[in-house]
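Read top to bottom, the protein sequences are chains V and R.
Per our numbering, the first sequence starts with residue 1, numbered consecutively.
Per our numbering, the second sequence starts with residue 1, numbered consecutively.
What the hints contain is simulated information worked out from the structure, not anything from laboratory work.
Where a beta carbon is used, it is the ideal one built from N, C-alpha and C, also for glycine.
Certain hints may be false.
[Said to hold, decoys possible] Only some residues are given here: those of chain V computed to face chain R with a beta carbon under 10 Å:
# : residue
1 : Ser-130
2 : Gln-169
3 : Val-173
4 : Glu-177
5 : Arg-280
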Amino acid sequence: MILIGENIHILSKVVSEAIKARNEKPLQELAVKQAEAGADYIDLNIGPARKDPDVMKWLVEVIQDVVKKPLSLDTTNPVAMEAGLSVCKIPPLINSASGKQESKEKMLPLAQKYNCDVVVSVLIDAGIPSDSSSRAEAIMETVAYANEIGIPNERIWVDPIMMPISVDQPQVVELLEFMKILPDICPGAKSTLGLSNLSNGTPEHLRGILNRTFLVMLERYNCFSAIVDSFDQELVTLMRGGLQDIKNLIYRAMDEEIDPSDLPKKEADIVKTVNVLMGRTLYSHSWLET
Amino acid sequence: MQVSDFFEPYKGDIKEVTIGTPGKSIKIGGEKTLPLHTFEGQEGAPVRFALEVFDTPPEVWPDHLRSPYVDVLSDPIAWANKCIKQYGADLVSLFLSSLDSDSADVSKIAENVKKVADQIPSPLIVMGVGDKDKDAKALVEIAKVCSGKNLLLGPLVKENYEEIAKAAMEGGHSVIPLTPLDINLCKELNVKLTKFFPKERIVIDPMAAAVGYGIDYSFSIMERVKQVGVIHNDEMMKMPIVANIGKDCWKTKEAKEDKSQGILWEAMTAFILILAGANIVIMRHPESLKLIKKLIA
């Protein structure tokens with residue numbers, strides 16, 4: 001599993017202040033720490049950057065000064081994207097394009113021009129598709145368009161768009177279904193998603209178990225990569241081949257319904273979490289307490 | 001092959017909640033099937049209908065809603081008795097409109113609730129005004145003063161459920177937790193509540209909306225609550241459901257401007273939410289009550 005570190009994100013106060021003041025140090029520290037923690041890519045999320053598209057160029061330069069990892073340039077603004085792409089020393093990842101008309105016209109061609117990989121989400125002009133088959137329909141159209149302009153499936157990382165479980169639990173189940181069928185509908189394409197969004201709105205201390213459990217489930221369906229919290233050590237360990245017992249329990253809980261009441265707390269929590277993620281039990285913030 | 005081969009065997013059963021005192025109690029819920037799917041599983045108690053009574057004369061009601069009650073508007077006991085004896089309601093929902101006044105005296109309000117409870121031949125629902133602090137104060141006092149009357153008290157929200165439910169527990173009452181059209185929050189409140197409160201004394205309000213004013217949301221949530229309880233056997237979602245529709249129906253422009261429109265509006269809202277899974281419906285106009293009863297008879 002390729003891990004893309006999410007911790008340089010414009011919604012973080014430290015990051016937004018540092019970017020605003022062009023203060024490189026906290027940003028470089030975050031990048032180095034993520035690389036040390038095991039991130040394969042460093043995501044640079046600057047938001048839409050409407051007023052200041054050149055900020056991506058500055059950010060790419062200060063980050064690649066201190067880490068030798070590929071970067072994931074994260075903005076919906078094609079001008080900012082190109083400013084960043086023009087100075088990358090290692091081929092980066094464009095994060096992201098979508099099936100929206102404007103994105104197809106302005107963002108996708110950048111992947112062709114700079115010969116790099118590109119995240120393509122299932123988003124279309126009509127919005128986020130609501131089930132696995134409409135996700136499939138949306139992505140097939142966008143991928144066909146990308147192929148036409150010379151981007152092969154192998155350079156496309158499909159993003160099915162992760163929704164918070166506290167907002168729309170059925171969507172989590174649909175996403176898992178979509179991951180299963182993705183190799184058939186886009187052969188050779190890679191995949192990625194913003195994992196932490198799963199637990200957006202969930203009480204802070206419970207986010208980890210939800211994120212980690214789901215990532216193991218996704219990995220089982222050949223999910224190629226995920227944008228994750230680099231500082232979740234247990235998550236990184238799981239994705240680097242560790243904690244096989246936990247993984248086996250998650251697989252078993254996916255395949256059969258296990259009664260959690262017979263298990264020790266830690267294992268029972270995992271089984272309950274799988275049940276919520278598979279849509280077998282209705283989610284509530286207290287899913288571990290019932 | 002028979003038709004019954006296609007029937008679904010359901011795993012979960014809705015809790016049976018009893019409210020009121022011996023001799024004048026009623027049961028709510030208790031079914032082991034989806035709404036009106038009596039051919040598939042054990043039928044529960046019939047849908048119960050409550051008419052709403054205010055503890056101060058309502059000021060903003062249109063004339064065509066006031067007229068059936070015009071002789072009793074300032075006497076909640078007479079009003080409640082009229083609802084049951086003359087208009088055929090199964091029970092009464094007493095709305096504590098007096099709480100809106102800043103000088104509201106909760107011990108006096110509680111005494112009045114007790115008088116109503118004592119002098120009607122049916123169980124009593126008591127509903128606060130939706131202000132978490134005022135409701136908590138009043139409902140706690142009512143729970144004490146009316147101890148043993150097995151009232152159905154609501155609404156309990158996430159900010160005040162603990163104190164109200166504690167008092168309800170001591171006074172031997174049942175409660176209505178209310179969540180704003182969100183099934184996950186509905187379950188969350190039930191999980192917290194049932195840590196100390198018996199499941200058999202809970203009726204949930206997933207929030208009702210009127211036809212044309214968001215009923216599709218109410219319908220989906222109520223339908224899912226019932227499905228999660230009956231089909232998926234989720235212990236936290238097996239409580240019967242109340243649809244409190246009077247206020248929202250009579251707030252609509254359509255209901256206010258015309259009597260027959262208002263009656264249809266309320267009856268249709270009730271009908272739709274019964275299809276979604278409501279076990280009790282709280283309404284306002286006796287003629288819409290008559291209409292809906294005829295419709296589902």
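These are the hints, each one checked on the structure:
| no. | hint | result |
| --- | --- | --- |
| 1 | Ser-130 | violated (14 Å) |
| 2 | Gln-169 | holds (7 Å) |
| 3 | Val-173 | violated (13 Å) |
| 4 | Glu-177 | violated (18 Å) |
| 5 | Arg-280 | holds (7 Å) |
Of the hints listed earlier, those the structure fails to meet are numbers 1, 3 and 4, in rising order.
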